[in-house]
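> Next come the chains, spelled out residue by residue.
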Amino acid sequence: MEITGFSAYLRSLVLLFLLSIGLSSCYSVRLVSRDGIPEPDLTNDDQDFYRNKKVFVVDTTINLKATAGSYSLIRNCGPSGFYAVEYRVNLGHLLLSGVTLGRTRKVNVKYVRLKEDN
Amino acid sequence: MAKTTSIPIEWWNNLHENGPWKSRLFHHTALAAKADMPLALDRYNDAAAEIQRLIAAASDKNEGFRAIGSRWSLSDIAHHSDQMQSNQLMNIKISVALQDLHPDTTLVAENLFFVECGNVIKEIHNFLNDHGKSLKTSGASNGQTIAGCISTGVHGSALDVGSVQDGVVGLNLITGPRPEDRIYLERSGRPALSDGFALKLQSRVLRNDALFYAALVSLGAFGFIHGIVIEAEDRFLLKRYVKRINKEEALKLASSLDFANSSFKIAGETDANGRGLRPFHYKVFINPYVDDPDYVVELMYKKPYQPGYPDPIPGIKTALYKDLIHLFISIAVKWKNSIPKLIHILQSSILPPVDEELTGMLSEMFYDAGYQGPAFACSVGVDHVNSPKALGLLVKLAREEGPIPGIYAMRFVKQSEATLAFTKFPVTCMLEIDGINWDAKGQGMISLEQFCTRMIEVLQENGIPFSLHWGKNADWGFPGLVKHMFGDRVEEWKTERKKLLSPEMELLFANGFLEVADLI
Chain A
1 MEITGFSAYL
11 RSLVLLFLLS
21 IGLSSCYSVR
31 LVSRDGIPEP
41 DLTNDDQDFY
51 RNKKVFVVDT
61 TINLKATAGS
71 YSLIRNCGPS
81 GFYAVEYRVN
91 LGHLLLSGVT
101 LGRTRKVNVK
111 YVRLKEDN
Chain B
1 MAKTTSIPIE
11 WWNNLHENGP
21 WKSRLFHHTA
31 LAAKADMPLA
41 LDRYNDAAAE
51 IQRLIAAASD
61 KNEGFRAIGS
71 RWSLSDIAHH
81 SDQMQSNQLM
91 NIKISVALQD
101 LHPDTTLVAE
111 NLFFVECGNV
121 IKEIHNFLND
131 HGKSLKTSGA
141 SNGQTIAGCI
151 STGVHGSALD
161 VGSVQDGVVG
171 LNLITGPRPE
181 DRIYLERSGR
191 PALSDGFALK
201 LQSRVLRNDA
211 LFYAALVSLG
221 AFGFIHGIVI
231 EAEDRFLLKR
241 YVKRINKEEA
251 LKLASSLDFA
261 NSSFKIAGET
271 DANGRGLRPF
281 HYKVFINPYV
291 DDPDYVVELM
301 YKKPYQPGYP
311 DPIPGIKTAL
321 YKDLIHLFIS
331 IAVKWKNSIP
341 KLIHILQSSI
351 LPPVDEELTG
361 MLSEMFYDAG
371 YQGPAFACSV
381 GVDHVNSPKA
391 LGLLVKLARE
401 EGPIPGIYAM
411 RFVKQSEATL
421 AFTKFPVTCM
431 LEIDGINWDA
441 KGQGMISLEQ
451 FCTRMIEVLQ
461 ENGIPFSLHW
471 GKNADWGFPG
481 LVKHMFGDRV
491 EEWKTERKKL
501 LSPEMELLFA
511 NGFLEVADLI
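Protein chains in written order, with our numbering: chain A, 1 to 118; chain B, 1 to 520.
Simulated from the structure, these hints should not be mistaken for laboratory data.
One thing to keep in mind: the hints can contain errors.
Stated by the list, open to error - Result set (DSS-like, lysine-lysine): computed pairs, CA atoms no more than 30 Å apart in a straight line:
| # | chain 1 | residue 1 | chain 2 | residue 2 |
| --- | --- | --- | --- | --- |
| 1 | B | K498 | B | K414 |
| 2 | A | K110 | A | K54 |
| 3 | B | K34 | A | K54 |
| 4 | B | K22 | B | K498 |
| 5 | B | K317 | B | K252 |
| 6 | A | K110 | B | K3 |
| 7 | B | K336 | B | K303 |
| 8 | B | K396 | B | K252 |
| 9 | A | K54 | B | K317 |
| 10 | B | K483 | B | K494 |
| 11 | B | K483 | B | K498 |
| 12 | B | K494 | B | K336 |
| 13 | A | K54 | B | K22 |
| 14 | B | K3 | B | K136 |
| 15 | B | K396 | B | K317 |
| 16 | A | K106 | B | K483 |
| 17 | B | K34 | A | K110 |
| 18 | B | K389 | B | K265 |
| 19 | B | K317 | A | K110 |
| 20 | B | K414 | B | K334 |
| 21 | B | K22 | B | K3 |
| 22 | B | K243 | A | K54 |
| 23 | B | K389 | B | K93 |
| 24 | B | K3 | B | K61 |
| 25 | B | K3 | A | K54 |
| 26 | B | K303 | B | K396 |
| 27 | B | K334 | B | K441 |
Every value quoted in this text rests on a predicted model; they were computed, and no experiment measured them.
Please put together the full structure from these sequences, using the hints given.
Structure below.
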């Protein structure tokens with residue numbers, strides 16, 4: 001009896017572990033302009049690709065009406081366009097979309113605008 | 001109107017985290033909107049007024065003021081403990097018209113371009129390419145601002161070309177808050193632009209060789225460099241080869257640069273008599289901890305531009321895991337004898353793939369920098385004739401008093417006319433040591449500071465004349481260092497600076513780096 005209780009505890013623990021890994025595990029895709037110049041931000045001390053670049057983050061949840069098939073997020077990206085766009089997705093985002101039949105979508109996008117040409 | 005956003009700060013750091021250093025106020029200046037001021041020259045002159053406003057405000061408080069570019073320098077040359085100004089958004093570019101030329105110039109209008117200080121090299125590449133032109137040379141990458149490049153002497157490995165500053169034919173300086181403090185400076189012997197052009201910049205003209213060469217590598221001390229006239233050339237292609245060659249042969253080429261009589265030849269890069277052609281670029285990579293009979297070398301040959309070559313920029317670019325780099329350093333500091341092995345493991349990620357051949361424009365061969373994390377870089381300039389001996393001494397230093405987590409390279413640059421250019425030998429070999437910052441405290445390992453001091457001592461003890469890259473790590477406070485490197489040129493540089501700046505402005509455009517290096 002004790003052993004069964006322990007294995008149930010162990011199962012829950014493993015399940016919790018896998019769930020936490022699954023929900024937080026993610027990957028991202030970053031598209032970068034070949035010849036573009038990023039908008040600078042010399043106060044950005046991130047220790048990665050974004051260091052020295054001005055970064056904008058879109059972290060929101062979109063609730064779509066039943067009749068809406070797709071959506072566009074409209075943001076002010078300056079007169080020149082994007083230098084880099086990174087889209088991040090994780091299991092939690094996918095589950096949320098699946099459970100709500102695609103009506104609720106978690107959006108996590110990071111972008112850098114092109115430096116304005118003069 | 002140009003707009004400056006000013007943010008109080010306590011600390012400032014450079015891109016590769018060689019600081020931090022204390023500072024007080026950080027300004028970002030952006031040009032007036034095109035919709036409000038459609039003409040580029042109007043926006044340029046408006047920005048000049050804004051910079052003069054900032055200079056006046058700093059001067060009123062008896063504070064120093066320093067412009068910074070992309071904060072790529074590893075030394076603290078760009079730092080000021082009072083006020084710092086980021087000018088990357090000041091990026092006007094203007095083609096020079098025929099009527100803007102000086103009547104006595106030998107330069108061609110179609111090769112001249114006027115660029116504002118905050119243009120990074122990549123955007124100048126793009127602009128010139130749109131005109132069928134190219135810079136003559138660049139550094140190993142493209143993210144520095146043009147003003148930052150010339151102020152610190154950024155160079156590539158173009159044997160017969162020189163450094164970025166050697167393509168400059170005119171400078172527009174702001175030396176103070178008054179209208180007469182806007183100066184257009186060029187050589188008297190080789191004028192480029194007319195007085196009329198300077199008038200458009202609302203600047204008075206100075207044509208003076210000594211002042212021009214002193215201000216060319218200014219170390220940020222000759223006022224605010226607002227505009228730069230560069231001489232470009234027709235765009236060209238570079239064909240790049242990476243080869244593994246016998247160490248003795250690689251060093252013989254380094255000391256002689258005699259590619260015609262070398263036994264090392266590349267098929268297709270020989271003349272009609274089968275003698276090797278002189279490359280545009282020659283670079284040697286050295287792992288100081290390996291007794292390999294061969295070195296990896298990189299050669300580039302200049303070719304006329306023609307479209308249709310395969311894109312040399314990879315479609316996917318990967319970067320080392322940050323954590324892997326931190327792990328590397330943790331292991332290196334804990335067990336310093338592991339450094340040679342760790343470098344050997346990372347060698348394939350650092351060195352270019354052997355036998356790879358690529359063709360591309362200058363802008364494509366010296367493309368975006370990959371790694372932007374913590375790093376150190378030491379760069380010693382020696383006459384290329386002395387380069388094998390100097391390399392041997394510095395490798396011995398790393399082996400006997402190190403190890404240090406870095407890899408060596410040799411690049412070769414034609415002499416510059418700038419007074420304090422570290423590319424001061426007929427062809428300077430820049431011996432470079434690049435690696436990742438380490439904290440040696442309490443670990444029984446040589447520190448970067450100690451290593452930098454020992455480099456100077458070793459070269460002095462062995463009687464090898466040398467110079468040091470202004471934008472890289474060095475013991476700038478080493479007694480008599482700058483005088484040792486440049487001799488009488490130091491006084492010439494100081495004299496020209498005094499002629500240009502008022503005593504108040506001399507102080508305002510000075511900083512800790514100049515003080516430590518005994519340049520003010």
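> Each hint needs a verdict: does it hold in this structure or not?
The hints, checked one at a time:
no., hint, verdict
1, B:K498 with B:K414, "29 Å, holds"
2, A:K110 with A:K54, "10 Å, holds"
3, B:K34 with A:K54, "21 Å, holds"
4, B:K22 with B:K498, "28 Å, holds"
5, B:K317 with B:K252, "35 Å, violated"
6, A:K110 with B:K3, "26 Å, holds"
7, B:K336 with B:K303, "45 Å, violated"
8, B:K396 with B:K252, "19 Å, holds"
9, A:K54 with B:K317, "21 Å, holds"
10, B:K483 with B:K494, "12 Å, holds"
11, B:K483 with B:K498, "18 Å, holds"
12, B:K494 with B:K336, "43 Å, violated"
13, A:K54 with B:K22, "23 Å, holds"
14, B:K3 with B:K136, "33 Å, violated"
15, B:K396 with B:K317, "35 Å, violated"
16, A:K106 with B:K483, "62 Å, violated"
17, B:K34 with A:K110, "27 Å, holds"
18, B:K389 with B:K265, "24 Å, holds"
19, B:K317 with A:K110, "18 Å, holds"
20, B:K414 with B:K334, "41 Å, violated"
21, B:K22 with B:K3, "25 Å, holds"
22, B:K243 with A:K54, "39 Å, violated"
23, B:K389 with B:K93, "44 Å, violated"
24, B:K3 with B:K61, "21 Å, holds"
25, B:K3 with A:K54, "17 Å, holds"
26, B:K303 with B:K396, "39 Å, violated"
27, B:K334 with B:K441, "11 Å, holds"
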